[in-house]
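Enquirer: In case you want the letters, here they are:
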Amino acid sequence: MEKKIWAIGGGKGGVGKSYVAGNLGILLAQKGHNVVLADLDLGGANLHTWLGVSNPIKGITEFIERDIPDIKKLLIPTDMSGLRLISGAKDGVEIANMKHTQKRRFVTALRQLDADYIVIDLGAGTAYNTVDFFLLADTQIIIVIPEPTSIENAYRFLKNSFYRQILHNSEKFRIKSTVKNILRKDNPFNINTPKQLIAYMNQLGGNAAVFIEEQQQLFMPSIILNQVRSEKEKKIGVAMEKACLKYFNLNVNISGYLDFDETVRQSVIDREPLAKNSLESVPVQQLSIICEKLLKEEKEGTKKNNLLSQLAS
Amino acid sequence: MTPQANNPQVEENYYQILEVQKTASLVEIRYAYEGKLEETQLEAFAAYSLLPEDETEEKLLHFSQAFMTLANPIARAKYDDELQQETVSVEMQPVTKKEHLTKIKKSVRVKTKTVPLPLLPPKKAKAEKEIEIKKSVIKNIVEETHAERLGNYQKLSAKNELAEESLEEFYSTFKTHGGKLSYNGTILQQIRKIKSVTLEELAQITCIRKTYLRAIEDENFSKFTSEIYLKGYLLCYIEALQLPKEQVLSDYVLLYKNSF
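Residue numbers (our numbering), protein chains in the order written: chain D, 1 to 313; chain S, 314 to 573.
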């Protein structure tokens, strides 16, 4: 089976990225897959605490700094079969500013891991490194909660990701200088949204138009709406899909909803992931539905990872 | 390149704005308006940081304009006349058969559901003829309520006119006290009482439930799920009592915003 990377991001902190990543990892492992959970919350990693693994002595920091050159040695077994963890960075500062070569080395190593699924928990923020790890995933998931701050950050995250993807992939089409010129800091063509960028590149015609169309099709992140408290809030998901199409001209896909649930918080306090023991609970049931949907989309999807080939080459 | 460029807005008439039939009853129009408010609110929320705020405002103004015209029988009749004249000179937009049919279906269904009950005659036994009968009943009800509302409107305009002097007096007390008048719930209520308009009358005229009107006067902001609803209802309140729109709206919305 081909190795799959799922990345979970979303811009804002505290919206449930680790919660979703961790539980999706557990659910995949329960299906009999060999899963590695990678904590890439660069600067604030704590998936280990959440999974009940206390104080890992080794993490990504050691790999990046070449203290432990073999990524396999970072794998920490958990008490769930089929699920292993790569702990995040303890000292975040240098990692959050990871250099391109370091990033490439890490991604290549990650791809070589013996696993069916690698589930990446990204941190908050829309920094280049976070966005890059998001883009290298086969399944890209954004967590949003029905609050303006979270929605705003999600759009910013989407926008940055799309621009970043375009910059990365433009080399292949030999239009990198064109793209770079368009996205210059002084904004010479007055382009403020992906929609305007798409329209402008289509106007250019030729290679640029073909390129932008391909990039639009490649960029299809999924959204999970978390902490939903009413039927009305549920509608925000679909409304966001529409807004993305209208204002960004990008296809974003709602994968599902997770109701607000008090037990979720308790499970974090107890350090007992819900998917581990409370299979019948509503949150886990809802997560299961989302997981199935993502697996189905992955099976049908024709998405290929261009960024990875570029990063790994 | 601009977002508007891809979305050429054809000038829509009020019926199209609220997506109702030309024969729509007042109840339908109110439901449509409330639906539009909800839709706008949802869109403003989901497109937060993408959608420019004045675009939402503009939309809201469109909806309330359409609603207030169509909810007012006099204004509606006048508007219908204008539309009639326009359609004579301009060719009607083609509507596909299917679209037309579904629209008709929809309006019939809504009508039978939402028409006020008291005037309904005892139920006829024959199910076959039921739909036909209902249609004629609806027509009667619409006509009767139309006449009733026309009366209400005339009464209200009379009250608005009559109160002009006493209202000026009311305003002048603020000036003599040297204070600047800032509209709040209490002042709105005072003005309404000076015009001797009851909440019931206002509710009939505006098609807005009494609880919301009272909430405006009581500044009971928890009644409004969002600013958009508040503005939508407040605009109708303002229109009915012929208050200075811009000032009331800005004063009152500021109160609302500061309450958080």
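Quick caveat, the hints were computed from the structure, so don't treat them as lab data. Treat the hints with care, as some may be off.
Said to hold, decoys possible - No farther apart than 25 Å at their CA atoms in a straight line, the calculated lysine-lysine pairs in the PhoX-like style are these:
(1) K372/S with K235/D
(2) K4/D with K31/D
(3) K235/D with K391/S
(4) K536/S with K493/S
(5) K523/S with K536/S
(6) K570/S with K232/D
(7) K523/S with K232/D
(8) K372/S with K234/D
(9) K570/S with K523/S
(10) K536/S with K246/D
(11) K159/D with K185/D
(12) K99/D with K180/D
(13) K234/D with K185/D
(14) K488/S with K506/S
(15) K493/S with K232/D
(16) K536/S with K234/D
(17) K242/D with K536/S
(18) K232/D with K558/S
(19) K234/D with K293/D
(20) K570/S with K558/S
Enquirer: Confirm or reject each hint.
Expert: Comparing the hints with the structure gives:
Under the criterion of a C-alpha separation no larger than 25 Å, the hint pairing K372/S with K235/D is consistent with the structure, at around 20 Å. Under the criterion of a C-alpha separation no larger than 25 Å, the hint pairing K4/D with K31/D is consistent with the structure, at around 15 Å. The straight-line distance between the Cα atoms of K235/D and K391/S is roughly 38 Å, outside the 25 Å bound, and the hint therefore fails. With a C-alpha separation of about 28 Å, the suggested pairing of K536/S with K493/S is violated against the 25 Å cut-off.
A threshold of 25 Å between alpha carbons decides the hint, and for K523/S with K536/S the separation of about 12 Å falls inside it, so the pair holds. Distance check on the hinted pair: K570/S and K232/D sit about 22 Å apart at the alpha-carbon level, within 25 Å; holds. A C-alpha spacing of about 24 Å is found between K523/S and K232/D, which places the hinted pair at or below 25 Å, so the restraint holds. Among the hinted pairs, K372/S with K234/D is consistent with the structure: their alpha-carbon atoms are about 23 Å apart, no more than 25 Å.
Among the hinted pairs, K570/S with K523/S is consistent with the structure: their alpha-carbon atoms are about 23 Å apart, no more than 25 Å. A threshold of 25 Å between alpha carbons decides the hint, and for K536/S with K246/D the separation of about 31 Å lies outside it, so the pair is violated. Only pairs whose Cα atoms come within 25 Å are accepted, and K159/D paired with K185/D is accepted, the gap being roughly 15 Å. Taking the CA atoms of K99/D and K180/D, the gap is near 20 Å; set against the 25 Å cutoff, the hint holds.
For the suggested pair K234/D and K185/D, the alpha carbons sit about 37 Å apart, so the restraint of at most 25 Å is broken. In summary, the hint linking K488/S to K506/S is supported, as the alpha carbons are separated by about 20 Å, within the 25 Å threshold. A hinted pair counts as satisfied when its Cα atoms are at most 25 Å apart, and K493/S with K232/D does not qualify at roughly 40 Å. Simply put, K536/S and K234/D have alpha-carbon atoms about 21 Å apart, close enough for the 25 Å limit, and the pair holds.
A hinted pair counts as satisfied when its Cα atoms are at most 25 Å apart, and K242/D with K536/S does not qualify at roughly 28 Å. In summary, the hint linking K232/D to K558/S is not supported, as the alpha carbons are separated by about 30 Å, beyond the 25 Å threshold. Taken as a hint, the K234/D and K293/D pair is honoured in the structure, with Cα atoms around 17 Å apart against an allowance of 25 Å. For the proposed pair K570/S and K558/S, the alpha carbon gap of about 18 Å is at most 25 Å, so the pair holds.
In summary, the structure is inconsistent with hints 3, 4, 10, 13, 15, 17 and 18 from the numbered list given earlier, while agreeing with the others.
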